[in-house]
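Dock chain B against chain E, hints included.
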Amino acid sequence: MSTLIELMPRIASEADPRAASVELPSETQLDVSVSDRSSIAEDQIRRLVRQVFVHGGQRRARQVVFSPADEETEVADLCMMVGEALTMQDSGTICVVETLPRGCTAGIRPIDRPPSRLQGSFGILRDASQQLSSRLWFMPGEVLLDGCGPHWSGSWIRGRLAELRLDFDYSVVQGPAIGVHDEAGFLGSLCDGVVLVLRANRTRRLVAQSVIEKLRVAKIRLLGVVLTERTFPVPGAVYCRL
Amino acid sequence: MIDFTRDQGVVAATQQRDFELQKLSAAEADAGQTRVAIAQISQRIETLQSKLSSLPERTLTQIRNADNPQLLEKLKSRLLELELKRTELLTQYEPSYRLVKEVDQEIAEAKEAIAAEAQAPIRDQTSDLEPNHEWARSELIKAQVESSALGAHLKAESWLLATYRDRAHQLEKHAIEQDRLVNELQAAEQKYLLYVNKREEARIGDALDQGGILNVVIAEQPRVPALPKLSALSFAVIGLTLGVAFGTGLAFMADSLSPAFRTPDEVRLCLQTPVLAWLPPKGIANTESAQRRLL
Chain E
1 MSTLIELMPR IASEADPRAA SVELPSETQL DVSVSDRSSI AEDQIRRLVR
51 QVFVHGGQRR ARQVVFSPAD EETEVADLCM MVGEALTMQD SGTICVVETL
101 PRGCTAGIRP IDRPPSRLQG SFGILRDASQ QLSSRLWFMP GEVLLDGCGP
151 HWSGSWIRGR LAELRLDFDY SVVQGPAIGV HDEAGFLGSL CDGVVLVLRA
201 NRTRRLVAQS VIEKLRVAKI RLLGVVLTER TFPVPGAVYC RL
Chain B
243 MIDFTRDQGV VAATQQRDFE LQKLSAAEAD AGQTRVAIAQ ISQRIETLQS
293 KLSSLPERTL TQIRNADNPQ LLEKLKSRLL ELELKRTELL TQYEPSYRLV
343 KEVDQEIAEA KEAIAAEAQA PIRDQTSDLE PNHEWARSEL IKAQVESSAL
393 GAHLKAESWL LATYRDRAHQ LEKHAIEQDR LVNELQAAEQ KYLLYVNKRE
443 EARIGDALDQ GGILNVVIAE QPRVPALPKL SALSFAVIGL TLGVAFGTGL
493 AFMADSLSPA FRTPDEVRLC LQTPVLAWLP PKGIANTESA QRRLL
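Taken in order, these protein sequences are the chains called E and B. Per our numbering, the first sequence starts with residue 1, numbered consecutively. Per our numbering, the second sequence starts with residue 243, numbered consecutively.
Looking at chain E on its own, in the form it has when it is part of the complex (with noise of 0.2 Å):
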């Protein structure tokens, strides 16, 4: 999250004008360079999204929870590769929403939310985003649980979702752990299917076990599986050249 926040400013920068005072990459420049990169993690990350938002079929999702298995897993910076990816091979509009359940909001640090070019032509959750690029905005959890009360009301969360859906084409929706908080869940089943996010030799068996079985006994839609930070034996330098 902390690597998140850190960038977030930068790709604003980047993405406003008026900030940076050079105007912003066109989708020409993005697929090019795009094309160029050969990184494990950014084909891995492409596959994800054609496999789950691009080539899904009368499936394809349009809202996806990714939730770890424990809170110990990181799933910032996934969500925020897969909006970007979600960027270069798709021509709608992404959010990546930020979920936290409630007690969490307060170790967060604030945003300095630059002025949306666009502000007031779209629906109250976009103007109040904040847009990374021409097609990419990121949905902090303030802005998210505004107006929410002490807990987590159904009836709530499934209007802020259905107006995720009116105001973007994608959601990618950072979700509480699973095997942790029930809201996981609840959001899971809200939404088009929910990404289980596992950290290599971090995430036990059993835990993951016992979070498939109650997404199986929940029927939430599990699209897959991802695992992050997976080492390997080989040295980075020798496996670059292999």
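Hints are computed from structural coordinates only; laboratory data are not their basis. Glycine is no exception: its CB is placed at the ideal position from the N, C-alpha and C atoms. Check each hint, because a few of them may be wrong.
[Claimed, not checked] Which bits of chain B does chain E cover? Going by a derived footprint, with three or more residues having C-beta under 8 Å, they are:
| hint | stretch |
| --- | --- |
| 1 | 246 to 256 |
| 2 | 496 to 508 |
[Unchecked claim] Chain B is nowhere near these chain E residues, computed Cβ spacing over 10 Å in every case:
| hint | residue |
| --- | --- |
| 3 | V54 |
| 4 | L166 |
| 5 | R205 |
Just chain B now, with coordinates in the frame of chain E:
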């Protein structure tokens, strides 16, 4: 063994038998050659005899014909005297006179004798021995002598062969008997040595029992070995092998006891769920992300 050697006159029957067999083989080869030579000589004698019967013993080497001059001279002088006598008689008598006719008769006889002598001159013929006949005869004699010599040689050699065979058979029997005696001698020697050792051990045991001593070993001063039993390289190889084996075992144990996921295949097998993506550690990802943004 000694009696056998002395009685039979055999020292090494096996070697003597082999020697006799060698001589027998050589004698048999010689007898074969003698038979071949006898056959050759016999054929030579037959051929020479047939040639001797066909070849002449002597041959004419010179023939010379010549008149008898003394006889002709006498006959011609007689004829001349008779003619002179007839001429003288004719001066006195008629040709039909009996004396003249007798002279004529004598003249005619003298002329006939001279003519006969001219018709039958003296013939001188010289002959000599035929060389081929002489050569064949001498060769025949030599072949007959050689044939008789070879016959005697073959006869003597046949006797020698029989002697060698008998001797070889006898030595073979002696060799078998001598081998049996040698084996018995060796067995007796081994038994003797065994009994001697046993007796010596028993004597030592009795002596130790009398002195109340169970075992006696001479104490030696401990010595520092000049070289280590194992070299430094051996220790290094052993240590390296043990280290590799121990480290590999630890790695496998840690791998089997780890409760967390490590690879996408493990996730797929354990959760029966598709793995959409996997990401490297955050440091690498951040570095790549930073590089990407710099692009």
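> Honestly, which of those hints from before does the structure not fit?
Replying inline: 1, 5
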